[in-house]
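Number of protein chains: 2
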Amino acid sequence: MNGGANPGDLPYGVFSRPGEPRRAGVRAGDHVLDLAAALGDEVFSAPSLNPFMALGPTAWRETRERVREAAGRGDHLVPLDQVTLHLPIEVADYVDFYASLEHASNLGRIFRPREEPLKPNWRHLPVGYHGRAGTVVVSGTPIRRPHGQRPSFGPTEKLDIEAELGFVVGVPTRPGERPGAFEDHVFGVTLVNDWSARDIQAWEYVPLGPFLGKSFATSVSAWITPLDALEAARVEGRPQDPKPAAYLRRSARWGLDLTLRVELNGEVVSEPPYRDMYWTPDQMLAHMTINGATLRTGDLFASGTVSGAGEPGSLIELTWNGAEPFKAADGRARTFLEDGDTVTVTATAPGGIRLGEVSGTVLPAT
Amino acid sequence: MNGGANPGDLPYGVFSRPGEPRRAGVRAGDHVLDLAAALGDEVFSAPSLNPFMALGPTAWRETRERVREAAGRGDHLVPLDQVTLHLPIEVADYVDFYASLEHASNLGRIFRPREEPLKPNWRHLPVGYHGRAGTVVVSGTPIRRPHGQRPSFGPTEKLDIEAELGFVVGVPTRPGERPGAFEDHVFGVTLVNDWSARDIQAWEYVPLGPFLGKSFATSVSAWITPLDALEAARVEGRPQDPKPAAYLRRSARWGLDLTLRVELNGEVVSEPPYRDMYWTPDQMLAHMTINGATLRTGDLFASGTVSGAGEPGSLIELTWNGAEPFKAADGRARTFLEDGDTVTVTATAPGGIRLGEVSGTVLPAT
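Sequences listed follow chains S and V, in order. Mind the numbering: the first sequence is residues 1 to 366 in this note's numbering, read in order. Mind the numbering: the second sequence is residues 1001 to 1366 in this note's numbering, read in order.
Chain S with its partners taken away, still in its complex shape (with noise of 0.2 Å):
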């Protein structure tokens, strides 16, 4: 399991060998590069990304042209099927938005079908929940199928996936502090499935939100992939009309060029692009701590489900809840996710760039 991640971005992650404690290192080629022995820094010895992510964009930056001239050299490489991939952060806070104006009027249209599918408030601000932070694992880990009430008590008969973006903090703000500019805070990005119930979601999630039906498990990418390498990636975002009030107002280019893959058994189910996305991350951001909240390293923020016109990044809306099944490769009609089924979401972007993979397999409730 390489993680799909493509060398040349230089994506973090976090590895072990046998016996030995994790640490961090970086994708190059089908090499790990040890980050503590070939930089000789302490930072690159914890068991998660977090104190390097704390330490900011110069650090960042210049850690990137180190690890260049040292992947080059050729030392402290470990062939990547001697390691185990491990999460690569100690996540803070995970919150999940729902930026996507697609995703938002499928669901909308599903869960409510008798109203308007979104509500007032979706293009005033970038709507978000706080999801569970100790059930986020790395990609590979099984997912359990769970158990809830949907209402009548048992194993969920709609599991479904979420193919997301994700965000991952690395330098905190301090109470009072107004986080400054995006790329000062956010270190680097991941895809994440968030895992959901469908029926358990839909009989819980009055008024409150979204609880059971998705926190027994979110799925992230063994790599983080460092905002510097997107660059390639970067367009404006979408046009948002009414004018998003001022502290949600851009001003840099957010937008990125992904395209998110979902295959479902090896099958190609949907295309997503990111680029649609309504909300972009910068403006996640701002919203997440206009109130004065304040930032950890280790924060996770998503898009919430990554769906643009006839591309769902979820089976409820690829099979509108059920009612209209596809017919996959070996020729059964399919609607929500079966045990045993592995999903696995990529993205790509212009200039080859190519995010760490999310992958796992459903088990069966026990």
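Because the hints were derived from the structure by calculation, they are not lab data. All C-beta atoms, glycine included, are put in the ideal place defined by N, C-alpha and C. Treat the hints loosely; a few may be bogus.
Which stretches of chain V does chain S cover? Using the computed rule of at least three CB atoms under 8 Å from a CB of chain S, they are [said to hold, decoys possible]:
| id | region |
| --- | --- |
| 1 | 1121 to 1133 |
| 2 | 1205 to 1216 |
| 3 | 1287 to 1300 |
Only some residues are given here: those of chain V computed to face chain S with a beta carbon under 10 Å [claimed, not checked]:
| id | residue |
| --- | --- |
| 4 | Y1094 |
| 5 | A1104 |
| 6 | G1108 |
| 7 | R1112 |
| 8 | S1152 |
| 9 | G1176 |
| 10 | A1197 |
| 11 | A1245 |
| 12 | A1365 |
Stretch-level coverage of chain S by chain V, calculated; a stretch enters the list once three of its residues show a Cβ under 8 Å from a Cβ in chain V [stated by the list, open to error]:
| id | region |
| --- | --- |
| 13 | 210 to 223 |
| 14 | 244 to 255 |
Put chain V on the given structure of chain S with help from the hints.
Coordinates of chain V only, in the frame set by chain S:
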């Protein structure tokens, strides 16, 4: 500031002396017992109670015996007025429930006047959601009035409190492991004030729940009262109709006969009875994990606003969203919080039990 807790309950906290690192202590009279020094155990040299809380009920009970002896000897006692009290736990995930029938009914009537006050799910499961762990602060921390969309942008005009009881998880679970009994995981209780900006909350909360209306600050007591100190307060939980699902059945008495007291600038405005809560904390724990979600040491889950008939735990209920002001001792008509207000929540129970207070003063918006 001694924090209000009953020294006889031997509550745990984290303190420091000027120029010295944080460490664990137990309230003993007007002193803090320096646990690392008194018991010679490094687990108490940590800057939070988490390492100790992770040890489990046997260690908790043994420590309580040793603390009783040590406090009696009179060594290693630091006068309370010579220490600073800190956030006693490192908060992992923070979950807030909505367990009071009176509170949920009142909020339903206020926020959704044309609908049934309780949503169909409410009597079937303890409704809850994840809050922001990174902005949980210790009692005494000033609370800055937050900005946000109300929906026009500006400082909240409806700053409120929520008087709650919080439960702190000590013993974690592994993936796939169902939690054991409530008292095998939960270390103790704390008072919580979940500060709320009602105008921000009312605009943002559909469909994914409260976010910025809550995430600016949540205050907890400086003292965690261990479960063992609450024996005399334990009562049967409130009768429930319909009968809850099997996983939510009560097997022990975890209703608590605590009476909260909410003081605004020293004047008692409400005395909510915790024993009338509809959902008990053992049910909250069972619900939170029934989908396979793991527990971490430091997880904090709170009851939601404690409101009894005529004794609400929030100002939005006390003043019916500001429509029915009350007259304060100084003769002024009052609704929501004003800059400079101090709110203090305390709680007592039979047998002289007294939880550590949670207090905060409102600072003007910047």
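Tested hints:
no. : hint         : result
1   : 1121 to 1133 : holds (count 10)
2   : 1205 to 1216 : holds (count 11)
3   : 1287 to 1300 : holds (count 10)
4   : Y1094        : 8 Å, holds
5   : A1104        : 9 Å, holds
6   : G1108        : 8 Å, holds
7   : R1112        : 8 Å, holds
8   : S1152        : 9 Å, holds
9   : G1176        : 7 Å, holds
10  : A1197        : 7 Å, holds
11  : A1245        : 5 Å, holds
12  : A1365        : 9 Å, holds
13  : 210 to 223   : holds (count 7)
14  : 244 to 255   : holds (count 3)
The structure is consistent with each of the numbered hints, conforming to all of them.
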